[in-house]
Amino acid sequence: MKFTIVVYAAPYSSQAAATAFNFSKTLLSEGHEIYRLFFFSDGAHNTNKLATVPQGETNLQASWDDLIRDYDLDSAVCVSSAIKRGIVDKQEAERHELSAVSLFESSDIAGLGQLIDAAINSDRLLNFG
Amino acid sequence: MKFTIVVYAAPYSSQAAATAFNFSKTLLSEGHEIYRLFFFSDGAHNTNKLATVPQGETNLQASWDDLIRDYDLDSAVCVSSAIKRGIVDKQEAERHELSAVSLFESSDIAGLGQLIDAAINSDRLLNFG
Amino acid sequence: MNATQKQTFTFISRTAPYGSNRPQLCLDTALAAAVFEQQVNYLFMEDGVYQLLKNQDAEAIHTKTIGRILETLNLYGIESIYVCKESLESRGLLLGDLVIESKLTNANELKTLLNSSDTVINL
Amino acid sequence: MNATQKQTFTFISRTAPYGSNRPQLCLDTALAAAVFEQQVNYLFMEDGVYQLLKNQDAEAIHTKTIGRILETLNLYGIESIYVCKESLESRGLLLGDLVIESKLTNANELKTLLNSSDTVINL
Amino acid sequence: MSTLHTISKSPKSQLLSECLPLVNKGDGILFIEDGVYYCANSKVSDDFESDVTWYGLKEDLDARGLKLDDIKTIKIINYQIFVEMCEEFDKVISWF
Amino acid sequence: MSTLHTISKSPKSQLLSECLPLVNKGDGILFIEDGVYYCANSKVSDDFESDVTWYGLKEDLDARGLKLDDIKTIKIINYQIFVEMCEEFDKVISWF
Numbered sequence: 007m008k009f010t011i012v013v014y015a016a017p018y019s020s021q022a023a024a025t026a027f028n029f030s031k032t033l034l035s036e037g038h039e040i041y042r043l044f045f046f047s048d049g050a051h052n053t054n055k056l057a058t059v060p061q062g063e064t065n066l067q068a069s070w071d072d073l074i075r076d077y078d079l080d081s082a083v084c085v086s087s088a089i090k091r092g093i094v095d096k097q098e099a100e101r102h103e104l105s106a107v108s109l110f111e112s113s114d115i116a117g118l119g120q121l122i123d124a125a126i127n128s129d130r131l132l133n134f135g
Numbered sequence: 007m008k009f010t011i012v013v014y015a016a017p018y019s020s021q022a023a024a025t026a027f028n029f030s031k032t033l034l035s036e037g038h039e040i041y042r043l044f045f046f047s048d049g050a051h052n053t054n055k056l057a058t059v060p061q062g063e064t065n066l067q068a069s070w071d072d073l074i075r076d077y078d079l080d081s082a083v084c085v086s087s088a089i090k091r092g093i094v095d096k097q098e099a100e101r102h103e104l105s106a107v108s109l110f111e112s113s114d115i116a117g118l119g120q121l122i123d124a125a126i127n128s129d130r131l132l133n134f135g
Numbered sequence: 018m019n020a021t022q023k024q025t026f027t028f029i030s031r032t033a034p035y036g037s038n039r040p041q042l043c044l045d046t047a048l049a050a051a052v053f054e055q056q057v058n059y060l061f062m063e064d065g066v067y068q069l070l071k072n073q074d075a076e077a078i079h080t081k082t083i084g085r086i087l088e089t090l091n092l093y094g095i096e097s098i099y100v101c102k103e104s105l106e107s108r109g110l111l112l113g114d115l116v117i118e119s120k121l122t123n124a125n126e127l128k129t130l131l132n133s134s135d136t137v138i139n140l
Numbered sequence: 018m019n020a021t022q023k024q025t026f027t028f029i030s031r032t033a034p035y036g037s038n039r040p041q042l043c044l045d046t047a048l049a050a051a052v053f054e055q056q057v058n059y060l061f062m063e064d065g066v067y068q069l070l071k072n073q074d075a076e077a078i079h080t081k082t083i084g085r086i087l088e089t090l091n092l093y094g095i096e097s098i099y100v101c102k103e104s105l106e107s108r109g110l111l112l113g114d115l116v117i118e119s120k121l122t123n124a125n126e127l128k129t130l131l132n133s134s135d136t137v138i139n140l
Numbered sequence: 057m058s059t060l061h062t063i064s065k066s067p068k069s070q071l072l073s074e075c076l077p078l079v080n081k082g083d084g085i086l087f088i089e090d091g092v093y094y095c096a097n098s099k100v101s102d103d104f105e106s107d108v109t110w111y112g113l114k115e116d117l118d119a120r121g122l123k124l125d126d127i128k129t130i131k132i133i134n135y136q137i138f139v140e141m142c143e144e145f146d147k148v149i150s151w152f
Numbered sequence: 057m058s059t060l061h062t063i064s065k066s067p068k069s070q071l072l073s074e075c076l077p078l079v080n081k082g083d084g085i086l087f088i089e090d091g092v093y094y095c096a097n098s099k100v101s102d103d104f105e106s107d108v109t110w111y112g113l114k115e116d117l118d119a120r121g122l123k124l125d126d127i128k129t130i131k132i133i134n135y136q137i138f139v140e141m142c143e144e145f146d147k148v149i150s151w152f
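Chains as they are written, first to last, in my numbering: chain W, 7 to 135; chain L, 7 to 135; chain V, 18 to 140; chain Y, 18 to 140; chain Z, 57 to 152; chain H, 57 to 152.
A portion of the hints provided could be inaccurate.
Said to hold, decoys possible - Below, simulated EDC-like cross-link-like pairs (lysine to aspartate or glutamate); rule was C-alpha separation at most 16 Å, straight line: (1) W:Lys55 to L:Glu103; (2) Y:Lys71 to Y:Glu88; (3) V:Lys102 to Z:Glu74; (4) W:Lys8 to Z:Glu140; (5) H:Lys147 to L:Asp129; (6) Z:Lys147 to V:Glu76; (7) Z:Lys81 to Z:Glu144; (8) H:Lys114 to V:Glu76; (9) W:Lys8 to Z:Glu144; (10) W:Lys8 to V:Asp135.
Derived from the structure by calculation, the hints contain no laboratory data.
Please put together the full structure from these sequences, using the hints given.
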């Protein structure tokens with residue numbers, strides 16, 4: 007079955023992003039498919055590649071990155087959510103003359119049309135916030 | 007009167023960070039003093055220098071940076087909050103071998119002792135979350 | 018995207034304006050669905066009805082005034098707008114307090130609406 | 018910091034564990050205050066009393082188990098621990114359900130506690 | 057069309073009373089995250105209606121120390137079964 | 057010692073009923089952000105106790121279209137007066 011997972015919440019401050027991650031990991035290991043991950047609003051913070059955590063704690067951003075690469079997932083970050091939060095790829099960094107890139111290469115900046123497309127083309131859409 | 011302002015909330019997803027900013031700006035323009043700004047938990051996101059906003063909207067991170075520099079404020083970001091969220095200065099970026107710096111130079115990475123110190127040495131401590 | 022696939026999206030906006038960005042997220046997503054010519058239902062429920070209050074002016078808090086955007090919701094292809102009767106009444110509000118004329122809908126009608134939706138975004 | 022300045026900090030922890038990081042923020046700040054040898058009061062109120070339930074095990078959700086940390090709160094120099102009586106009762110909980118023995122405090126005592134505090138962190 | 061409703065905030069949120077008027081017969085309600093505290097108070101769970109199926113996420117119940125014997129009408133499921141239930145129901149509505 | 061309590065979430069949060077048992081005589085309660093919706097419902101504001109002073113932040117009331125004539129017992133203040141009130145009261149407790 008094809009799922010789309012929408013994440014509205016930042017990592018660490020609430021449990022929702024971790025729940026979305028656990029759900030995504032489980033469905034993939036059960037042989038289901040993820041049509042698209044969509045990071046929306048504060049969910050954009052899950053795709054920041056500059057995070058590190060103390061030893062023994064889980065780096066949720068890096069966990070998402072691993073999962074996306076392991077399963078070659080389509081991972082989209084809402085463009086208007088991302089740039090306001092300092093989540094930028096090379097192209098956005100150049101356009102806005104910013105000093106650095108913060109978005110994992112495993113995710114792409116995308117418009118809200120990608121969320122509507124995902125809703126249409128998935129069997130199930132789940133929201134985590 | 008000496009104030010300390012503690013910000014727990016990320017910009018944009020809730021109003022709290024904007025309220026903290028408006029309050030801070032008002033108290034300074036009324037001739038009061040800020041002993042310390044302390045960005046805690048998701049409040050750390052207010053100090054990300056890589057953010058841009060569409061024309062006509064307010065870049066809250068840049069507004070904080072302006073205010074901090076204009077009034078030469080002491081601005082501290084909780085270290086454990088910051089690094090988990092990809093908010094790093096040059097030193098943290100080097101220590102964790104990260105590709106970029108995301109923290110405005112106007113703010114400093116600090117421990118929770120700086121919050122206790124601020125509570126002791128300010129006349130008033132206000133929390134915004 | 019395959020333009021021939023038309024689905025029913027229902028958006029439930031349950032939160033007050035300005036305190037959080039959830040009303041704006043819900044609206045932006047509904048507008049995107051309308052652009053892609055999907056069937057869009059928009060439901061204001063619980064604190065969400067406060068988004069429709071007249072005389073909002075968010076200038077002082079440096080934000081877009083949501084009430085003014087919602088006034089023209091039907092121009093954007095969102096024509097099925099519902100306001101939850103119970104939510105309005107429990108807040109002491111009347112239809113005349115709102116910026117738009119819309120169907121007052123009770124819980125039973127809303128059940129049917131949700132039941133016939135393909136995707137529900139609930140913010 | 019001037020070590021001779023001793024103030025009274027009261028921490029009110031009003032939220033359930035794991036769903037948000039607020040219990041952890043409140044605890045970390047209180048520990049910092051204790052390290053700086055301030056007078057620390059710690060109050061569990063509303064959903065915050067759930068932090069004290071026995072038999073927590075957050076292994077399955079990859080988090081530190083808060084209940085286990087709170088068991089040893091007094092070792093860190095936080096000895097004035099209060100649990101709001103009304104909050105416990107309205108949730109159908111008993112003192113025996115909790116990981117620590119602590120004073121059950123009613124609203125009137127809490128009023129006095131807040132009144133005599135220099136700084137209140139309320140999360 | 058049947059719907060699985062997930063509720064992820066504590067009873068203080070009043071999410072269940074927001075959700076219930078929109079629940080159709082045959083729907084399921086799954087408590088996750090702090091939503092599992094709805095299972096903690098037997099006064100609350102005794103009122104759960106029987107034309108809806110009630111679920112609680114095991115991982116979140118265990119984390120919070122919520123014992124099984126407090127819970128009468130609620131089926132305990134883990135993440136694997138959560139995924140399976142998303143197949144069984146026609147759609148999922150998240151309440152947060 | 058007098059305290060100014062700020063409340064910044066809508067009545068759905070139940071923050072006022074959490075706060076009130078801890079309020080001392082002579083304290084102030086200030087509604088900001090979505091907390092100003094406590095001023096919107098006259099059924100609520102009629103119950104406000106008189107040994108506490110009640111305030112609402114003008115900027116947040118204006119943004120939300122809350123008219124003054126709905127509000128009886130509440131003093132409307134702007135950010136400048138918010139700052140002044142922090143001086144008048146001995147400390148501030150934030151409810152969010």
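Here is how each hint holds up against the structure:
1. W:Lys55 to L:Glu103: The hint holds at about 12 Å.
2. Y:Lys71 to Y:Glu88: The hint holds at about 10 Å.
3. V:Lys102 to Z:Glu74: holds (13 Å)
4. W:Lys8 to Z:Glu140: With Cα atoms ~12 Å apart, lysine 8 (chain W) and glutamate 140 (chain Z) stay inside 16 Å; holds.
5. H:Lys147 to L:Asp129: With Cα atoms ~8 Å apart, lysine 147 (chain H) and aspartate 129 (chain L) stay inside 16 Å; holds.
6. Z:Lys147 to V:Glu76: Judged against 16 Å, a Cα distance of about 40 Å means the pair is violated.
7. Z:Lys81 to Z:Glu144: holds (15 Å)
8. H:Lys114 to V:Glu76: holds (12 Å)
9. W:Lys8 to Z:Glu144: Holds, at roughly 14 Å.
10. W:Lys8 to V:Asp135: Between lysine 8 (chain W) and aspartate 135 (chain V) the Cα gap is close to 14 Å, so the pair holds against 16 Å.
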